[in-house]
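J.: So the protein sequences, as listed, match chains A and B.
Here the first sequence is numbered in my numbering, starting from 1 and rising by one per residue.
Here the second sequence is numbered in my numbering, starting from 1001 and rising by one per residue.
The set of hints was computed from the structure by calculation and includes no laboratory data.
Just so it is clear, the structure is predicted and the values come from calculations on it, not from any experiment.
Fair warning: there could be bad hints in the mix.
Unchecked claim - To spell it out: a stretch of chain B is covered by chain A in this simulated footprint if at least three of its residues, at any positions, have a beta carbon under 8 Å from a beta carbon of chain A; those stretches are: (1) 1218 to 1230; (2) 1236 to 1246.
Claimed, not checked - Here are the simulated DSS-like cross-link-like pairs (lysine-lysine), alpha carbons at most 25 Å apart as the crow flies: (3) A:K130 - B:K1238; (4) B:K1528 - A:K191; (5) A:K433 - A:K468; (6) A:K102 - B:K1238; (7) B:K1242 - A:K98; (8) B:K1109 - B:K1440; (9) A:K9 - B:K1429; (10) B:K1228 - A:K444; (11) B:K1429 - A:K98; (12) A:K98 - B:K1109; (13) A:K211 - B:K1528; (14) B:K1242 - B:K1228; (15) B:K1412 - A:K359; (16) A:K296 - A:K130.
Unchecked claim - Sample of chain B residues with no beta-carbon within 12 Å of chain A, all distances over it, derived: (17) F1023; (18) Q1193; (19) F1297; (20) M1545.
Using N, Cα and C, we set each Cβ at its ideal position, and we do this for glycine too.
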Amino acid sequence: MKTLFKYFKPYRWQSVLGPLFKLLEATFELMVPLIVARLVDVGLGAYVDGGYPNADISYIVWMCVILVGMGIGGFAFAVVAQYFAARTATGVAAYLRKDMFKKIQSLSYRDLDEIGTSTLVNRMTGDVDKFQSGVNLFLRLFLRSPFIVFGAIITALIVDPQSFPVFGITVLVLAVVVFAVMGICMPLYQKSQLALDEVTLSTRENLSGAKVLRAFNREGEERALFNARNDRLTKERKFVGGIALLTSPLTYVIVNLGIVALLYTGAIRVEGGALTQGGVIALYNLMSQILIELIKLANLIVTVAKAAASGKRVAAVLEKTPTEIVKDGADGPITLQEKKEGFIRFEGVSLRYNDSGEKALDDITFSLDRGETMGIIGGTGSGKSSLVNLIPHFYDVCEGQVLVDGVDVCERGMQLPLRERVGVVPQKATLFKGSIRDNLLWGKADATDEQLYEALRIAQADEIVREKGGLDAPVEQGGRNFSGGQRQRLTIARALARQPEILILDDSFSALDYLTDAALRKELSRLNTTTIIVSQRTSSVQNADKILVLDDGKVVGLGTHEQLLKDCEVYREIYLSQTTEASA
Amino acid sequence: MKKALKSPSTLGRVLKYAKKYPFSLIGSLFFAFAGVGFGLLVPVFIGDGIDRIVDSGVMWEELWRYLILVLVCAVGSAVCNHLSGLCNNRLSNNMVRDLRRDAFDKIGKMPLAYLHAHPHGETVSRIIADADQLSDGLLLGFTQFFTGVTTIVGTLVFMLITNWIIGLVVVLITPLSLLIARFVSTHTYRFFQSQASIRGEQTALTEETISGLKTVKAFSQEDEMQAKFEEVNGRLEKATMKATFYSSLTNPSTRLINNIVYALVALLGGLFVVTGNFTVGGLTKFLSYSGQYAKPFNEISGVVAELKGALACATRLFELIDEEEEPCDEDCTALTDVQGVVALENVDFSYDKETPLIENLSLRVAQGQRVAIVGRTGSGKTTLINLLMRFYDVDGGRVTMDGKDIRTVTRKSLREGYGMVLQETWLKKGTVKENIRLGKPTATDEEIVAAAKAAHAHGFIKRLADGYDTTLGEDGGSLSEGQKQLLCIARIMLTYPPVLLLDEATSSIDTRTELKISDAFARLMKGKTSFIVAHRLSTIKHADMILVMDKGRVVESGTHESLLEKGGAYHQLYYGRI
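In isolation and in its complexed conformation, chain A is listed as follows (with noise of 0.2 Å):
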């Protein structure tokens, strides 16, 4: 929660001034009863044979116009007092999600696998929403509500000293009830939160695999989960719900316990002439006064109780260090040596996704020279995006250095330029948002029409531009409007707009038919740049300058294809899985 609290720093005046202002409307409030009292007292005068014949009719209706003026003075207040309000909630959560945004982004490839999308999504839309509401509650009535008990405990102290012991237990009780509720809920409640989360877990599984749940007919198998998971849901819900309702039929109790008392000892002093029937009567509303903010307050306790839930959820997200390994190199700029051998080096690197597990890559090294093509060939699962990820640092390594143009890649400062100088092609061929213009910009924020269309030439994709109506044309959410293999040459395309002295290219052709995939190599040859081809298919890298061969994270190949397929099993194996299948 300390994390959260920076977040009302820029808003410290309105935090403070919507509440001083709530409790200005409150102790004019507060002097409601004493007015009533001074009516009845002053206004009446004493009662002498069942009437009152010195009765003070002005001061009566004097009396009434202070308390319509205090009714009008604290409309005024209040309206300030929730502007402040409004004004702190709104800032403070659109504060809190600009930096969880910022921080998210930060987050490296391996928190991300960690953490997963949906909560993140989650997290930053419905626990925000939750926390900006509870903030203005709170600010608006619940300091608002001990503000009128301890006031009205003060007034009921200045009308008579002696009542204190009642309304000090009554309080005391109260206050106990109020919060072991609250201290009850708040974990009940978050333990139903991750009940809902399995109910959310559940629908999202048979929509997106309505198709393989219906081929293995497992609907009704699925559906006594999710009725499972719902009865539980409904169970805790009603269970703390149940407990959150005790809250106001105790408080209710207590206070007219605490009434009885006041009647009982007001009547003695009354007796004993040291208190009159008015200030009975005052008493009397101070207690009604408390108990109506504590039926408030206790309505607000779930409300409450939620929000500070997702404020603990919210400031998780904050809280989280990116685990992204950055090395202080030598001291002032990064110097990149502008070399032309091992422009890309490993040296004995090794990769473990988590700390449990095996490793991913085992002592990687090679080299590769400015200008030259790698391919990197292997079988499902031997590592092959794992190397290539490391190059722009997107994972870390756990052994070893990665070198790019003579500088680790884990060096402070190298992000940035290192990230602009590659340009990557991801197995998963994501489009954003926006016009194909806006997406291929990603490349190169600068780039000219000329460069863009030069971009989706050597990508073969001037065509689909061409047939979807221009680079403005739109591209939906996640560009589901094209299909796989048109998505794939975008985001060849946009990888190639920025120029990039290395290209990255992670099986990036696996939607495309042969025939574009022969072409798009054929002009991909012809550029100048380093490039790293992952593929699957010999025919993608057996022009490659060099072919690394992956197998189980291990490198056990390292040459030209004609080498390879003298030196190495592997590859020969690959190799002739695929030609065999060309010469049948």
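For this one, chain A is given, so just place chain B on it according to the hints.
T.: Same frame as chain A, now just chain B:
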């Protein structure tokens, strides 16, 4: 048919769900009524008690009686209110559970066309977020509405009995607060609307950025995305501020009205006491009543807003529940002892009526034949598979299995006849073992390991942190596409389906592994019918029949050799790739 039925109002339909819990419903009403009744008596007895504490002396005996009555009524009211609250709690939670269940059931019964046309996020938000808001709204509605209305009626009666003139003043002025509340809510509606639409915009941007974050980072677009986000965020802040502030004016405004009423009661009450028509205790009662009378009015405006929102959510849920289902197949016979003789007869089909896809397609596959389907993207290969599995129904003609129209047999028995692996892998959150077991729920651990070995998935599974008991995240977590496909294949290796459908099942798997797997498939499929969609031609050249599809038609069919000889579309596809 949907139109023919007179559609009842959303509120009516929501209440229908309440009918299932008559005891809770009646209990809630009864206890709310009793609770309010007791609650109304409390200030009466307190007022009467105060009248016994006059400055000239205290009437102890009577005072004691009233104090005890106060306690009895307070406890009675609290108990009844709590019981009513428990009934409401049960009622609202159960109703929403039932609604959720019905909505979820719908997912299993809807045609796939719906699922394809609607973003999943939207359906999820109906079943989760909308149902939640409905639940909150119902609980609040039930608790506050009943007690509110009974309180208003009760206090009204008491006030009019005690002093009808002052009563009339209170009764007439207080409802002004309702008018104010309505005024505020109609004028803030557009602020809420603009807030909702900007929020939707922001959620979409957030979702897109986070799910594509790896790409964002690869292109160092963090700053650009941040700028985009902050622009929307700024607009959202402004819109939220307006909506929050203006809507929060309701409360102080109604309180102002209440305070004026309070002052009027004090004034009139005071004057009546002076003229001797009223007691001080009566005045106390009245002041307390005017507060009690006003409270529900203030709350009702909030409750009405909440209920409106809840009903909007209910409407969205009912929309989902009312979606058309796939035609029922309960009367159909079950397909038994599937042989695998598959035929399409003059089949027409398209996803949307405007762009025809498959027209007049006929095809006969004998038992045990291996059929390969090739063709460019969009030529209708996957559509064919969808029709065989009856994920979609044909528009014209018919599809038969063992000579029976597949629409005359149950979907379950038809699909049991098939084993299917798709290009798009789907894994559920759970352990590796659970995911493989999906193919055959009764499979033993040994069978699972054997299946994984056959699918060549055993090796990488062994290397996961907990082997077969490793929990996979949503959609496979950090597994590569190829590994996911291997798991999906392992599923099929567990079953011995009479007919096998492979739709680009090995597209992300390397060729060496693929070769080994195809041996396993060959053993699995010996003597059985199979359909294989692939763009890697190695997988298909041993097929008994190759269908070359283009634009929804079979343009060529025959064996690998005969098609190559023919020198047509297949020849072009096959040699074009080298």
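J.: The structure should be examined with respect to each hint, and the outcome stated for every one.
T.: Against the structure, the hints come out as follows:
Look at the stretch 1218 to 1230 of chain B against chain A: 10 of its residues bring a Cβ nearer than 8 Å to a Cβ of that chain, three or more, so the hint holds. Here's how the stretch 1236 to 1246 of chain B fares: 6 of its residues keep a CB closer than 8 Å to some CB of chain A, so the rule of at least three is met and the hint holds. Proximity of K130 of chain A to K1238 of chain B is assessed by CA-CA distance (about 17 Å); at most 25 Å being required, the pair is judged to hold. A hinted pair counts as satisfied when its Cα atoms are at most 25 Å apart, and K1528 of chain B with K191 of chain A does not qualify at roughly 50 Å.
For the proposed pair K433 of chain A and K468 of chain A, the alpha carbon gap of about 15 Å is at most 25 Å, so the pair holds. Annotation: proposed proximity of K102 of chain A to K1238 of chain B holds, straight-line Cα distance about 20 Å (limit 25 Å). Simply put, K1242 of chain B and K98 of chain A have alpha-carbon atoms about 20 Å apart, close enough for the 25 Å limit, and the pair holds. Only pairs whose Cα atoms come within 25 Å are accepted, and K1109 of chain B paired with K1440 of chain B is accepted, the gap being roughly 22 Å.
At roughly 41 Å between alpha-carbon atoms, K9 of chain A and K1429 of chain B are farther apart than 25 Å, so this suggested pair is violated. Between K1228 of chain B and K444 of chain A the CA atoms are separated by roughly 17 Å; this keeps the pair inside 25 Å, and the hint holds. Using a Cα cut-off of 25 Å, the hinted pair K1429 of chain B and K98 of chain A is violated, with the two alpha carbons roughly 31 Å apart. Distance check on the hinted pair: K98 of chain A and K1109 of chain B sit about 41 Å apart at the alpha-carbon level, beyond 25 Å; violated.
Our distance criterion of 25 Å between C-alpha atoms is met by K211 of chain A and K1528 of chain B, whose separation comes to about 23 Å. The straight-line distance between the Cα atoms of K1242 of chain B and K1228 of chain B is roughly 22 Å, inside the 25 Å bound, and the hint therefore holds. Proposed proximity of K1412 of chain B and K359 of chain A is contradicted: the alpha carbons are some 43 Å apart, above 25 Å. Of the pairs offered as hints, the one joining K296 of chain A and K130 of chain A holds, with about 19 Å between alpha carbons and a cut-off of 25 Å not exceeded.
Consistency note on F1023 of chain B: stated as away from chain A, and its beta-carbon is indeed over 12 Å from all of that chain's, at 15 Å minimum. Remark: the non-interface label on Q1193 of chain B is consistent with the geometry, its nearest Cβ contact in chain A lying 16 Å away (cut-off 12 Å). Every CB of chain A is more than 12 Å from the CB of F1297 of chain B (nearest about 14 Å), matching its label as outside the interface. Distance to chain A confirms M1545 of chain B as a non-interface residue, since its nearest Cβ pair spans about 17 Å, more than 12 Å.
Violation of the numbered hints given earlier is confined to hints 4, 9, 11, 12 and 15; the remaining hints are satisfied by the structure.
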